[in-house]
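Colleague: These are the residues of each chain, in order.
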Amino acid sequence: MFRRCLFVCLLLTAGVAVGSAADEKAAPAKTEAPPFGRLLWSASDVILEHQISPPSRQQILLDGVRKVLAKAGKVAPGDLSRKVSAVTTREQFEELLKEVGAIPKDGAATVSALEGALAGLPGRPHYYSPEHVESTGIHENNNYVGIGIQIKMHDKEKLTCIVVPFPGGPYRRAGGKANDLIVEVDGKPMAGVKLADVVKALRGGEGTSVTTLVRQPGSTETRFLKMVREVIPFQSAMGYRRVSEDEYDFHAEPGLPVAYVRLTGPTSSTYHELRRIERHLRSEGYRALVLDLRGTNPGSMVHTAQVADAFLDGGEMWKIHDSHGRVKEYKADRDCLFRDWPVAVLVNSSTVESAALIAGALQDRGRAVLVGEASSPGGTVRSLEPLPDGLGGVNLPTGIVERLKASDRPGLTPDHVVPLDNKHWEAVQTWHNSQESPEPPAAKAPEDPQLAKALDLLRDALKEKKEKAAG
Amino acid sequence: MGKLLLLAAPAGAVVLGLLTFGHGASAPTETPRLHHPVAVSLSADGKRLFVANRSGGVSVLDIAARRVAVETIVGRRLADLTAASAGQLLAADEEAGEIVVLTAGGDGLKINRRIPVAASPVCVRSDAGGSEWYVASLWPRQVTVLKKQGAERRVVDVPFAPRQLLPLPGGKKLLVADSFGGKLAVVDLATSKVEAVHSLDAHAFRGLAVLGDTVLLAHQVLAPRTPTTAEEMHWGNVLHQALRSLPISGLLTPGADVLRGGEIRPLGEPGRGAGDPSGLAVAADGTAVVTLGGVGEIIFGTQKEESWTRLEVGRRPTAVALSADGKRAFVADTSSDAVALVNLPDGKVEATVALGPQPPLTPEERGEHLFYDARLSKEGWFSCHSCHTDGHTNGGLSDTLSDGGFGAPKRVLTLLGVKDTGPWTWVGGSPDLAGQVRKSLKTTMRALRVRDEHVHDLTAYLRTLTPPPPARKADESILRRGKEAFDRHGCAKCHAPPTYTTPKTYDVGLHDEAGNVAFNPPSLRGVGQAGPYLHDGRAATLEEVFTRHGHPGPSPIPRGEVGDLVDFLRNL
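Chains as they are written, first to last, in this note's numbering: chain A, 898 to 1368; chain B, 1279 to 1850.
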């Protein structure tokens, strides 16, 4: 994993942005967009089935109709509420939409109306388009298939330009370089082609091949690069400072045998990455760990549990109560990374969902001390439930968390409160982001009092351990 | 089995009834037959390799000549072979329930004695001096300690079905490893008592060795809560293989945490599983060699090395011995009836020596090979055997699609006796066995392509599997009372003899995490060997099924009757 340092934010941002651009522009998408009535009805099915304390079907439908009418500048009929209440089937609802003229004008309006309707409901369910569902799955499963590049439009040359050819990726292995301009893909000229469509031409299934004709800016010398698309793994666990394309320095303070590891989010590869990192850190003589869960993205419950389990030696972690009153117990197995190491976890208001579960379990089990700021009250878990027939999905609250130790408030309460103002937090985030690019950062590490406190605590813990061992 | 003999019979001689002959295996006229090599042992001078074959023979390989010098039929179904004192070999005959004492001399083997032991001996080891021998008997759950070369014996009951044994340095303790699940027992050899039982989150220990002050164990790890998707498999999140080291001091100290100070090395890597570690040997310099039976490879290296070398050696390598200098490995390939001679520093197979010509395989035989083949699964992560260990169960939970969805992990069911127990899966969703085999290949093992002939052959093999015998035969009067309780409480309504199941699903007051309430009753044949119990393994023992979980409800079976009922069940 150290050898394949890739940069999740950059590529996914590009991917998502490109995806939505393609949706808006491509004509066929409009005609294929499912009717609003069918979408909202399916969404209400999913909400009623999975959501904790769901709104009633009538409320969901009523909000939806109102949203569409408001968007179109129409006034809702006075008896709309009564009419919606009388609806018992999808067909009746679709009839009603026609009757009151609540038909979004195109696919984009349909999606926007649906998003608006759901966002106003209790629990704030969020509609995901099929593309969004796909990209979420790719992110969680860490199985992005491609040739390992990040691209942008070159304004002067009007050609797509390679920003980063990822280390170890097919493009770089084929001889591709940064700043390459893509002249052709599989023999098709790419001059004047929109970024979204270049991406489409470049994308394909695992194991399929693609040939690009490229040149450097200002040059006329072209090169053919042939490569096979493969899974490009992204790193989700990082060290403190990137020292080369494929290596991190885990020291946040030189000379101190305390390793710093930051999680961008639990994905399918995180447990594996942590195992690799642990072996490396042990061989390098580290003896304590700072785990930074500030700004960690949410992941699936399976991956969240894998990561918490990685730090815990057996026993319970948490319970989840679902909308049907069923309870799932999450337990750790007895294998445990960083066994016997003192651990401090950095938390702040952005330590929510997956990160909050992990931090909370480590705190409740006495495995780690939490340093930083309280996180906002959560207490529920959200998941992405698919709509039938590939219509996308709905992200909604599906479970209530029961922590091992009941606390007064559902959010995280640090053991050591250390505030960090917005300006400093932004500087820390910029530092974090810069560790995800392939070049070692030029900037100096920012001031981070939360990290400094964690290092102090671990320094003391190691000292205490040493004294204990000495007698 | 007569106490018979050996050697240098004319080429082409075969086993006739109970008589045993040796014969030149390399002779071209030899009748093709299967050997199934399962264990290897190097002669003291390093010139010959003794290969125990499941078919009953021990082949003697002339290493320099790279050929079989002779094969001596010594038993009915050999499971293990080990060197005792100079020139003496011990073979475990699983079917006969005997340890066969052999002497190696010249080019052949002489059968000295047969020592009856508890049924299904699957592992035999000797102490350093060669005079005290240890035997693991699988289904009886017993370890027999044979002192003074078998003149005295002690029998030790262990709380699981044992397979591998490891005499610990000092000669005072014996480590016993679970054949299916994750338990380890330490037996004190002076008192013949189980001193400690440790439970690891691991299963199928296949390969134990001492390295310095640690014990190395090769095993598999199944994650109960990770769904069997292709993506999770890729990263080794569903099932992975590991070589674990445990400090001996921890194993020997009652109450100590055995995991403290230990290490675990994953053998697979993303995109490249290490299906079914099945044999282990450690050289004097600390190089460990693990055979990966499921993917036809060996993997080797030292504890210090970050990445280990993997080398393809055959189809199903299951046992390995090392030369004294640790530079050569001799690997038995159970499926190909061959031994690979491997040069470790060069990372090369020098030669593959066939033990004899193989006949065309029957569907059942092909199915057995497939059952142990992890290459059927995505990236070689697991075979059928990886969870259904040797056709039985590892006792763990797995989150497969066999119940129609992910999110409610279920206990891995035994396949021993599976043919008569349809419909299959916990929810009884598969009315035909071949269909379930196909589904498992597709949605559990994530085979890229499911071939009809594979489904056919695997199904044929499954149909040959029979339920395991009970660990102990209970007293007739107890069995009678137990049967009365079984009848009185209407157990047969769902668990109807002779298969002790019925082709329906029932709501017995249990539900899984996905809300399923109707389960197909698992067959009770061999149930005493197949714990833990109920769909999610919530009952650790058969007693708990009734005393803690009130099965089948609504009114509990009176405590006083549970003992007899359980004894009856254990004898099915």
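Hints may contain errors.
What the hints assert, rightly or not - No farther apart than 30 Å at their CA atoms in a straight line, the calculated lysine-lysine pairs in the DSSO-like style are these:
no., chain 1, residue 1, chain 2, residue 2
1, B, 1582, A, 1363
2, A, 1225, B, 1720
3, A, 1053, A, 1002
4, B, 1782, A, 1225
Unchecked claim - Which bits of chain A does chain B cover? Going by a derived footprint, with three or more residues having C-beta under 8 Å, they are:
no., segment
5, 1038–1048
6, 1142–1152
7, 1196–1209
8, 1217–1227
9, 1335–1343
As the list claims (entries may be wrong) - Heads up, incomplete: computed chain B residues facing chain A, CB under 7 Å, no partners named:
no., residue
10, 1479
11, 1503
12, 1504
13, 1509
14, 1772
15, 1790
16, 1791
Derived from the structure by calculation, the hints contain no laboratory data. No residue lacks a Cβ here, since even glycine has one placed at the ideal position from N, Cα and C.
Colleague: The structure should be examined with respect to each hint, and the outcome stated for every one.
Modeller: Cross-check of the supplied hints:
A hinted pair counts as satisfied when its Cα atoms are at most 30 Å apart, and residue 1582 (chain B) with residue 1363 (chain A) qualifies at roughly 25 Å. Our distance criterion of 30 Å between C-alpha atoms is met by residue 1225 (chain A) and residue 1720 (chain B), whose separation comes to about 27 Å. The hinted pair formed by residue 1053 (chain A) and residue 1002 (chain A) fails the criterion: a straight-line CA distance of about 37 Å is larger than 30 Å. Straight-line distance between C-alpha atoms of residue 1782 (chain B) and residue 1225 (chain A) comes to about 27 Å, which keeps the hinted pair within the 30 Å bound.
Requiring three or more residues with a Cβ within less than 8 Å of a Cβ of chain B, the coverage given for the segment 1038–1048 of chain A holds, as 3 such residues are present. Beta-carbon proximity to chain B at under 8 Å applies to 0 residues in the segment 1142–1152 of chain A; the threshold of 3 is not reached and the given coverage is violated. As drawn, the segment 1196–1209 of chain A meets chain B at 3 residues by the rule of a beta-carbon pair under 8 Å; at three or more, the given contact holds. With 4 residues having a beta carbon nearer than 8 Å to a beta carbon of chain B, the segment 1217–1227 of chain A meets the requirement of three or more and the stated coverage holds.
For the segment 1335–1343 of chain A, the stated coverage by chain B is not satisfied: 0 residues place a CB nearer than 8 Å to a CB of that chain, which falls below the threshold of 3. Given hint, residue 1479 (chain B) at the interface with chain A, holds; its Cβ is 4 Å from that chain's nearest Cβ, closer than 7 Å. With 7 Å as the threshold, the beta carbon of residue 1503 (chain B) comes within range of chain A, its nearest partner Cβ sitting at about 6 Å, so the hint holds. At about 6 Å, the closest approach between the beta carbon of residue 1504 (chain B) and any beta carbon in chain A falls short of 7 Å, and the interface hint on this residue holds.
Because the closest C-beta pair between residue 1509 (chain B) and chain A is about 4 Å apart, less than 7 Å, the hint holds. Checking residue 1772 (chain B) against chain A by beta carbon gives a least distance of about 24 Å; that is not within 7 Å, so the hint is violated. Given hint, residue 1790 (chain B) at the interface with chain A, is violated; its Cβ is 9 Å from that chain's nearest Cβ, farther than 7 Å. Taken as an interface hint, residue 1791 (chain B) checks out: its beta carbon lies about 5 Å from the nearest beta carbon of chain A, inside 7 Å.
This entry does not satisfy hints 3, 6, 9, 14 and 15, going by the numbered hints stated previously.
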